[in-house]
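Here the sequence shown is numbered in my numbering, starting from 1063 and rising by one per residue.
Source of the hints: derived by calculation from the structure; they are not laboratory data.
For each residue, glycine too, the CB sits at the ideal point set by N, CA and C.
Incorrect hints may appear among the rest.
Cross-link-like lysine-lysine pairs, in silico, DSS-like; alpha carbons within 27 Å at most [claimed, not checked]:
(1) K1094 / K1183
(2) K1225 / K1276
(3) K1190 / K1225
(4) K1107 / K1225
Listed next, with one range per pair, are the computed distances between beta-carbon atoms [claimed, not checked]:
(5) R1266 / P1110: 14 to 24 Å
(6) P1110 / A1068: 19 to 29 Å
(7) D1170 / S1258: 34 to 44 Å
(8) R1196 / N1238: 24 to 34 Å
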Amino acid sequence: MSSTIAPPAILASAPGDCCFKGVQHTGVATGKSTHIAGIPTYVSKPSPAHERLDANAKERIILFLPDVFGPFFLNNQLIMDWFAQHGFLVLGIDYFFGDALYLHTEEDFDRNAWIKNVREKAVSEFPKWLEGVRDIYGEETQYFAVGYCFGAPFALNLAVTDKVAAAAFAHPGFLNEDHFSNLRQPLFLSCAETDSTFPLESRRRAEDLLVAAKATYHIQVFSGVKHGFATRGDPNIENERMFPAPFPILRRTLVE
């Protein structure tokens, strides 16, 4: 008699309606577009003042793993620029290859088919991009993975290895129990009180798994907000007006 091993239980599901809504922010992006390993990438650099202040420190790079709106959506660019203003070099991968969700306005757009196709390509191409990043910036550089919704599993997949110093996510999708049970690096979880993709029971199960694994983690839950608040929240609503909360845990894990 043969036995099969059940796959790990799903804790954060595929993106739903809440992942495709939000408020367009205003501002001027200061980063640049480039290609790494042939993949479009948004790059936001620290100011010269930060570079002088941290001249003797290791280079600190945030791998920005975006939601379905991609790294060239203004909201995401402004977040990456904010990280850069605080001393990090930020690299935002466009694993959608110019086919971000917000560019689709056709009435017969098949969202589920789009997610399936772009996810398969993103999973296939991400290792090449990561290798390209490490070839350019070196293996001794401190890397931090920050994932939003669609990008969360990419961050967690790195956090079960030694390729990053820490990881963070906000309102995640596509996560299972193994992502938490096998965690090796510090993790910051930024969560919405109301989130059909990563609901309360999943969040508490994730915490139980982190405790059992004796992981280093920090959980932040925002009341009165829904999935998407970290990148597409309404800046006119105080609870939704948040800048990148993972910043403290990234600083905590820095090696000078």
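Hint-by-hint comparison with the structure:
1. K1094 / K1183: Status holds; Cα separation ~24 Å.
2. K1225 / K1276: 20 Å, holds
3. K1190 / K1225: Roughly 14 Å between the alpha carbons, so the hint for K1190 and K1225 holds.
4. K1107 / K1225: 21 Å, holds
5. R1266 / P1110: 14 to 24 Å: Between R1266 and P1110, where Cβ atoms are some 45 Å apart, the hint is violated.
6. P1110 / A1068: 19 to 29 Å: 54 Å, violated
7. D1170 / S1258: 34 to 44 Å: 25 Å, violated
8. R1196 / N1238: 24 to 34 Å: Check passed, 26 Å falls within 24 to 34 Å.
The structure fails to meet hints 5, 6, 7 from the earlier list, while all remaining hints are met.
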